[in-house]
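A.B. asks: Listed here are the chains, written in short residue letters.
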Amino acid sequence: MPFTRIMLRQNYPEEKLRQLSKILHQALTEEFAVPAEDCFQVIEMLPASQLIFNRHYLSGTRSEDFVLFHILAGKQRSIEQKKNFYHALSRKLFAKFNIHPDNVMVIIQFNTAEDWSFSGGRMYIPEDLC
Amino acid sequence: MPFTRIMLRQNYPEEKLRQLSKILHQALTEEFAVPAEDCFQVIEMLPASQLIFNRHYLSGTRSEDFVLFHILAGKQRSIEQKKNFYHALSRKLFAKFNIHPDNVMVIIQFNTAEDWSFSGGRMYIPEDLC
Amino acid sequence: MPFTRIMLRQNYPEEKLRQLSKILHQALTEEFAVPAEDCFQVIEMLPASQLIFNRHYLSGTRSEDFVLFHILAGKQRSIEQKKNFYHALSRKLFAKFNIHPDNVMVIIQFNTAEDWSFSGGRMYIPEDLC
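Protein chains in written order, with numbering that gives the first Met the number 0: chain R, 0 to 129; chain X, 0 to 129; chain H, 0 to 129.
Just so you know, the hints here were simulated from the structure itself, not pulled from any lab data. Check before you lean on any hint, since a few could be wrong.
[As the list claims (entries may be wrong)] Listed below are several chain R residues computed to face chain X (Cβ distance under 10 Å; list not exhaustive):
id	residue
1	PHE2
2	PRO12
3	ILE22
4	GLN40
5	SER77
6	GLU79
7	GLU113
8	TRP115
[To be verified] Covered stretches of chain H, as calculated for chain X (at least 3 residues, CB under 8 Å):
id	segment
9	20-30
10	58-68
11	84-96
12	110-122
As the structure is a computational prediction, the values presented were derived from the model and not from experiment. Ideal Cβ placement from N, Cα and C applies to all residues, glycine included.
Using the sequences and the hints given, assemble the complete structure.
C.D. replies: Below, the structure written as structure tokens:
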């Protein structure tokens, strides 16, 4: 149920976008209780003048590799899940994509199940309520 | 008071964008208690590699016609209003725009009246409080 | 901790984008309790057919200069702070950028500190809790 907007300065080719998308989705399924099929993302590539960030605020040094993940999920997660997810995403991005952890920023928002319609004009009904 | 971001893979010409905008706004005014003049939207057209969705999760089959509506509104709506809105939007899109209901996804968020300034540097004051 | 998306119809050159970014950030630091270094923004420039707004709803007359600020902040602000921020942003945009207050719209959302990871795979820990 999450929908994520990924914002970048780098103008990655399609193959890199696919990798990035997969890494995020892996972290979400492993640490954020997201079903494997539940994958909805937008990737936005912006020139430097349109993606503005402070180089050092609460980080080491951000570079042109900066990536901002803005996630909207349909039900709350525990502090533990959030911590584990932040850590897993950052670790995977470094190991598999060579993005330094200083360059990884994440923002999460939550709404409720009734605020989602996946298709067919039907409100989403959580499976554990079926 | 809603602001909606419409995300698409299709690269529609202006006339089609106008139709899409109108269909959404009609569904909002008819089923979501939105005033006729209260129309604020962004339409984002993205290549396939930048709008990523699962083809089948909680749907029949999604295609390149997939459209994702992300709505932010200034006051809560009832479950009944949400259900009716999802249904009306999906029905109108099929009847007037030939988008199959499998391709229509909607996400809603809410904040409060004081979180909106429409113009003039003034906080929005709900009419029923005037 | 705020992240702001600025949406425009005007296709401003980089120097104007820098000014716009600075004006917003000044209003945030002066009236919205935002630290000077805490600056994260996206600027999105859209053709008229993709940034749709009503010309008069709760405003005088909107023109092609219309600008919509969508702000997400990590902790609530008081009604007074919100009022002062709306006013300061509108005033500065008119004085320094010549955008008429009729053209300035602002929407704010809030989440919580634990919903932010600025870098390093670490959850944000508010300074006053350290």
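A.B. asks: Does each hint hold? Answer for all of them.
C.D. replies: For each hint, the structure was consulted:
1. PHE2: 6 Å, holds
2. PRO12: Given a least distance of 9 Å, the restraint on PRO12 of chain R holds.
3. ILE22: 12 Å, violated
4. GLN40: 4 Å, holds
5. SER77: 21 Å, violated
6. GLU79: Violated: closest Cβ of chain X sits about 25 Å from GLU79 of chain R, beyond 10 Å.
7. GLU113: Hint on GLU113 of chain R: holds, closest Cβ of chain X at ~6 Å, below 10 Å.
8. TRP115: 6 Å, holds
9. 20-30: violated (count 0)
10. 58-68: It holds, with 4 qualifying residues against the three required.
11. 84-96: holds (count 6)
12. 110-122: violated (count 0)
Figure legend: structure checked against the earlier numbered hints; hints not met, in rising order: 3, 5, 6, 9 and 12.
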